[in-house]
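Residues 21 to 367 (the numbering used here) make up the sequence shown, in order.
Just so you know, these hints were derived from the structure itself, not from any lab. It cannot be assumed that every hint is accurate.
[Claimed, not checked] Below are the EDC-like pairs computed for lysine to aspartate or glutamate, each with C-alpha atoms no more than 20 Å apart in a straight line:
(1) 178 <-> 59
(2) 285 <-> 258
(3) 178 <-> 235
(4) 267 <-> 59
(5) 269 <-> 329
(6) 185 <-> 163
Model, not experiment: these values are computed from the prediction.
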Amino acid sequence: MNFTHYISILSLLRLISSIAQNVFDVSSNSREILPIDHEIYSNLYTYAHLIDISYCISKVQHIEKPFKCNIECEDRFPNMTLVYQWYFDDSVTGYISTTYDNIFHYNRDSAKRKQQNKTIIIALRGTRSIFDSYADMRADMVDFTSLGSILKPCTGCKVHRGFYKYFQRTRDIIHQYVMQELKGAQLGIENYELVILGHSLGGSVAILLALFYLDLGFEKLTAVTMGQPLVGNREFVDWADDALGSKYKPRHGDFKRKFLRIIHKEDVVTIIPKRGNFLPYQPFDNQIYLNCSESDTRPSPDQVFDCRDASNEQCIEGDFPNYLKSGNDYLQIHITYLRRMGLCGMI
Numbered sequence: 021m022n023f024t025h026y027i028s029i030l031s032l033l034r035l036i037s038s039i040a041q042n043v044f045d046v047s048s049n050s051r052e053i054l055p056i057d058h059e060i061y062s063n064l065y066t067y068a069h070l071i072d073i074s075y076c077i078s079k080v081q082h083i084e085k086p087f088k089c090n091i092e093c094e095d096r097f098p099n100m101t102l103v104y105q106w107y108f109d110d111s112v113t114g115y116i117s118t119t120y121d122n123i124f125h126y127n128r129d130s131a132k133r134k135q136q137n138k139t140i141i142i143a144l145r146g147t148r149s150i151f152d153s154y155a156d157m158r159a160d161m162v163d164f165t166s167l168g169s170i171l172k173p174c175t176g177c178k179v180h181r182g183f184y185k186y187f188q189r190t191r192d193i194i195h196q197y198v199m200q201e202l203k204g205a206q207l208g209i210e211n212y213e214l215v216i217l218g219h220s221l222g223g224s225v226a227i228l229l230a231l232f233y234l235d236l237g238f239e240k241l242t243a244v245t246m247g248q249p250l251v252g253n254r255e256f257v258d259w260a261d262d263a264l265g266s267k268y269k270p271r272h273g274d275f276k277r278k279f280l281r282i283i284h285k286e287d288v289v290t291i292i293p294k295r296g297n298f299l300p301y302q303p304f305d306n307q308i309y310l311n312c313s314e315s316d317t318r319p320s321p322d323q324v325f326d327c328r329d330a331s332n333e334q335c336i337e338g339d340f341p342n343y344l345k346s347g348n349d350y351l352q353i354h355i356t357y358l359r360r361m362g363l364c365g366m367i
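Can you build the whole structure from these sequences, using the hints too?
In structure tokens form, the structure reads like this:
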């Protein structure tokens, strides 16, 4: 990783600042927030670490087998096995890994942490180059059609053209590896959990991948995105929220709620592309809000809460009523999700 990464993201955020005026028409009085339980709070740090590892993949570096990198891959996840990793200048980069250990409790006694479940991780990184930045800003929409295998049809759904293109390319690259790892589950001889993670642009692709695999019938699925932009229109987000159980309270080991969209206070990337008559993007009714400053990588439990719906003015809806705030370090905010994202290769 090098300085070009930061220049690219900074350029992207400057472009955002120039177009993201009058982002939301604030009309809701919703202000109810709910605490998240301690185990979910703790799990978020694990998800953030696994996402951050995807930034270790570039033209000049990669994750070494079995699972080694310079941000404590092997120490924190000693029984993780790398399955596949990929890198593109003009598309999403990430990795697939698996383990039979509990990813959340490696600090506990080995005999206690052993489990029978196979956990399959798909982690995707966000914007890293000017090519990614260009795709991020392509805000026109295309029709979205679900497989219709398990989920009901997504009628009238439209999604971001660039994100959908990246999803299709990523799916085509990784699908054979994912299905190979899920073979035991299909045969009924192996329990599993499929965990799909992403930051920034990677989060937008992650949620589309999660819906794809859920529609194939893999219901033991958890999708976690951090700093994810808006993805689709009202029809799409309503359909996705219903499919992914956004109305349920998140609980560890309970797959009723399959999606956690993590949003940092004042992260402008999470409210683009701009909403309005011309660009009808809508936010998911799914938001775990980090109510802390960009200097704080370890918010306290009472600073992390469930906003319940997108109209909640206690959360990102209230951060940008009609304008961007001068003096905010939007780059720093966007890379601060329970750790500093994207530093692999620089430390």
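Hints, verified against the model:
1. Simply put, residue 178 and residue 59 have alpha-carbon atoms about 35 Å apart, too far for the 20 Å limit, and the pair is violated.
2. The hinted pair formed by residue 285 and residue 258 fails the criterion: a straight-line CA distance of about 23 Å is larger than 20 Å.
3. With a CA separation close to 17 Å, the supplied pair residue 178 and residue 235 stays within the 20 Å bound.
4. For the suggested pair residue 267 and residue 59, the alpha carbons sit about 19 Å apart, so the restraint of at most 20 Å is met.
5. Distance check on the hinted pair: residue 269 and residue 329 sit about 12 Å apart at the alpha-carbon level, within 20 Å; holds.
6. Proposed proximity of residue 185 and residue 163 is supported: the alpha carbons are some 12 Å apart, at most 20 Å.
Hint violations for this structure: numbers 1, 2, all remaining hints satisfied.
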